[in-house]
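2 protein chains.
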Amino acid sequence: MKIAVVRDILDANERIARENRRLFDRKGLLVMNLMSSPGAGKTSLLEQTIEALGGDLRLGVIEGDIQSSKDAERIARRGVQVVQINTGGACHLDGNMIRDALDALDLDRMDLLVVENVGNLVCPAEFHVGEDFKAMILSVTEGEDKPAKYPLMFRESKVLVINKIDLLPYLDCSVEQIREEALKVNPELVLFEVSCKTGEGLDRWMDWLKEAARARRPPLE
Amino acid sequence: MKIAVVRDILDANERIARENRRLFDRKGLLVMNLMSSPGAGKTSLLEQTIEALGGDLRLGVIEGDIQSSKDAERIARRGVQVVQINTGGACHLDGNMIRDALDALDLDRMDLLVVENVGNLVCPAEFHVGEDFKAMILSVTEGEDKPAKYPLMFRESKVLVINKIDLLPYLDCSVEQIREEALKVNPELVLFEVSCKTGEGLDRWMDWLKEAARARRPPLE
Numbered sequence: 002m003k004i005a006v007v008r009d010i011l012d013a014n015e016r017i018a019r020e021n022r023r024l025f026d027r028k029g030l031l032v033m034n035l036m037s038s039p040g041a042g043k044t045s046l047l048e049q050t051i052e053a054l055g056g057d058l059r060l061g062v063i064e065g066d067i068q069s070s071k072d073a074e075r076i077a078r079r080g081v082q083v084v085q086i087n088t089g090g091a092c093h094l095d096g097n098m099i100r101d102a103l104d105a106l107d108l109d110r111m112d113l114l115v116v117e118n119v120g121n122l123v124c125p126a127e128f129h130v131g132e133d134f135k136a137m138i139l140s141v142t143e144g145e146d147k148p149a150k151y152p153l154m155f156r157e158s159k160v161l162v163i164n165k166i167d168l169l170p171y172l173d174c175s176v177e178q179i180r181e182e183a184l185k186v187n188p189e190l191v192l193f194e195v196s197c198k199t200g201e202g203l204d205r206w207m208d209w210l211k212e213a214a215r216a217r218r219p220p221l222e
Numbered sequence: 002m003k004i005a006v007v008r009d010i011l012d013a014n015e016r017i018a019r020e021n022r023r024l025f026d027r028k029g030l031l032v033m034n035l036m037s038s039p040g041a042g043k044t045s046l047l048e049q050t051i052e053a054l055g056g057d058l059r060l061g062v063i064e065g066d067i068q069s070s071k072d073a074e075r076i077a078r079r080g081v082q083v084v085q086i087n088t089g090g091a092c093h094l095d096g097n098m099i100r101d102a103l104d105a106l107d108l109d110r111m112d113l114l115v116v117e118n119v120g121n122l123v124c125p126a127e128f129h130v131g132e133d134f135k136a137m138i139l140s141v142t143e144g145e146d147k148p149a150k151y152p153l154m155f156r157e158s159k160v161l162v163i164n165k166i167d168l169l170p171y172l173d174c175s176v177e178q179i180r181e182e183a184l185k186v187n188p189e190l191v192l193f194e195v196s197c198k199t200g201e202g203l204d205r206w207m208d209w210l211k212e213a214a215r216a217r218r219p220p221l222e
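From first to last, the protein sequence lines stand for chains A and B.
In terms of our numbering, the first sequence opens at residue 2 and continues consecutively.
In terms of our numbering, the second sequence opens at residue 2 and continues consecutively.
Any given hint could turn out to be false.
Chain copies aren't distinguished; within one or between two, either way the pair holds.
To be verified - Below 30 Å or equal to it, Euclidean Cα-Cα: the simulated DSSO-like pairs (lysine-lysine) are:
(1) 185 with 198
(2) 159 with 71
(3) 211 with 198
(4) 71 with 211
(5) 185 with 71
(6) 159 with 198
(7) 211 with 159
(8) 71 with 28
(9) 211 with 28
(10) 28 with 159
(11) 211 with 185
(12) 185 with 159
Because the hints were derived from the structure by calculation, they are not lab data.
Using the sequences and the hints given, assemble the complete structure.
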C-alpha cells in the first residue's frame with residue numbers, strides 16, 4: 002500500500018518532468034540539476050560559473066531551499082535571471098515545482114539553466130525535473146565513505162565535482178580514494194576536483210560545461 | 002489528498018514511537034537520536050564518546066544507513082552493543098525500524114542508547130523514534146546559513162554540537178555567527194563546540210551526557 006502511493010507520486014512526477022523536458026528541447030536549453038549535501042558548495046560553484054561563463058553563456062538559475070532566499074540573493078547580485086523556490090518543508094525539488102518556476106523566467110534569453118536542489122544527499126536523486134543531466138558536488142570534508150553509503154545519487158549523476166580540495170592538507174581524507182569509491186558505484190562519472198575558494202581546477206569544469214551547452218543548441222538553420 | 006497520506010504515515014509513526022518510549026521508560030534508558038548532514042561527524046563523535054564514557058556508562062548504538070555497514074563496523078570495534086539498520090533507500094529512520102532493531106539489543110545491560118540517523122539535515126527531524134531528545138551535529142565547513150535554511154532540525158534538537166572547529170583557521174566561517182543563527186531559530190539549544198579530531202571541547206559534552214543519563218535512571222528502591 003505504502004509502496005503503491007510512492008509509485009503514484011513518482012509516476013506523476015515523471016509525466017511532468019517529461020513535459021518540462023520537451024519545453025527545454027524546443028528552446029535548445031541545457032538544464033543541469035545540481036545536488037549535494039548542505040554546505041558542499043552548490044551556490045559557490047554557481048557563483049564561480051556565472052563569473053567565468055557569463056560572457057559566453059546566458060545563465061539562469063532556479064534556487065531550491067526549504068526556507069529563506071539567501072541563495073537567490075547571492076545569485077541575483079551576479080546579474081543573471083534567478084527564481085527562488087521555497088519548498089516549505091519538502092526535502093527535494095520535483096517536476097511540478099520547476100514547471101511553476103519556469104513562468105518567472107525568459108527561456109528565450111538563456112543557454113544554460115541550473116536547478117540548484119535542496120541540500121540533501123538522498124531524496125533529490127529520486128526525482129527528475131526534466132534536466133539533461135544531474136551533477137553532484139561532494140566536499141572532501143564529507144569523507145571517502147559517501148559513495149558506498151549514498152549510492153543512488155552517485156549512480157544518477159553524470160558529473161561529480163569534488164570540492165574544497167584546498168582543505169586537503171588539514172584533513173585525513175584521500176581524494177584518490179573518493180574517486181575510486183565513486184567510480185565503483187558509477188564507472189561513467191565525469192570527475193572534477195576543484196576549490197571554489199582558490200579557483201583551482203575550475204577551468205576544466207568551465208570548458209566541459211561550455212562544450213555541453215554548445216552541443217545542446219539546435220543546429221543553425 | 003497527498004497531505005492526508007503524509008499525515009497518516011506520521012500518525013502511525015507517532016504511535017510506534019510512543020510504544021518505544023514506554024519501553025525505554027521502563028528500562029530507565031536514556032535514548033539520543035543523533036542527526037546531521039552526511040559527513041558532519043556523527044560516527045566520530047560516537048567513537049569519542051564510547052572511548053571517554055565506556056567506563057561510566059554502558060552504551061548501545063543503532064546505526065542507520067541507506068546502505069553499507071561501515072559505521073556499525075567502526076562502532077563494533079569499540080566493544081559496545083551495535084545494530085545496523087539499512088533503510089534500502091529511505092532517507093530517515095522511523096519508529097518501526099527502531100522497534101525491529103531493539104530485538105537484537107539487550108536493553109537491561111545498557112544506560113545510553115544512541116540512534117545514529119541517516120545523514121540528512123531534513124527528513125530525520127520529522128520522525129520521532131521514541132527518543133528522550135534529538136541532538137544534531139553541524140560541521141563548521143557547512144557554513145553559517147544552515148539554521149535559516151534547515152530550521153526544522155535546529156528547532157527539533159535539544160542539543161547542537163558544532164564540530165570540526167580545528168578547521169576554523171582555514172575557513173571563511175564564524176562560529177559566533179553559527180551560534181547566533183542557531184539560537185535565533187531555537188533559543189533553548191544547548192551548544193557545544195568541539196573537534197572530534199583534536200578532542201577540543203569534548204569534556205563538556207561528556208559531562209553533560211553523563212549527567213543526562215544519571216538523571217534518567219529510575220531512583221533506587
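Evaluated hints:
no. : hint         : verdict
1   : 185 with 198 : both (28 Å within a copy, 28 Å between copies)
2   : 159 with 71  : both (27 Å within a copy, 25 Å between copies)
3   : 211 with 198 : within (21 Å within a copy, 40 Å between copies)
4   : 71 with 211  : within (27 Å within a copy, 39 Å between copies)
5   : 185 with 71  : between (36 Å within a copy, 16 Å between copies)
6   : 159 with 198 : within (24 Å within a copy, 33 Å between copies)
7   : 211 with 159 : within (16 Å within a copy, 47 Å between copies)
8   : 71 with 28   : within (29 Å within a copy, 46 Å between copies)
9   : 211 with 28  : within (17 Å within a copy, 61 Å between copies)
10  : 28 with 159  : within (22 Å within a copy, 49 Å between copies)
11  : 211 with 185 : within (28 Å within a copy, 42 Å between copies)
12  : 185 with 159 : within (14 Å within a copy, 38 Å between copies)
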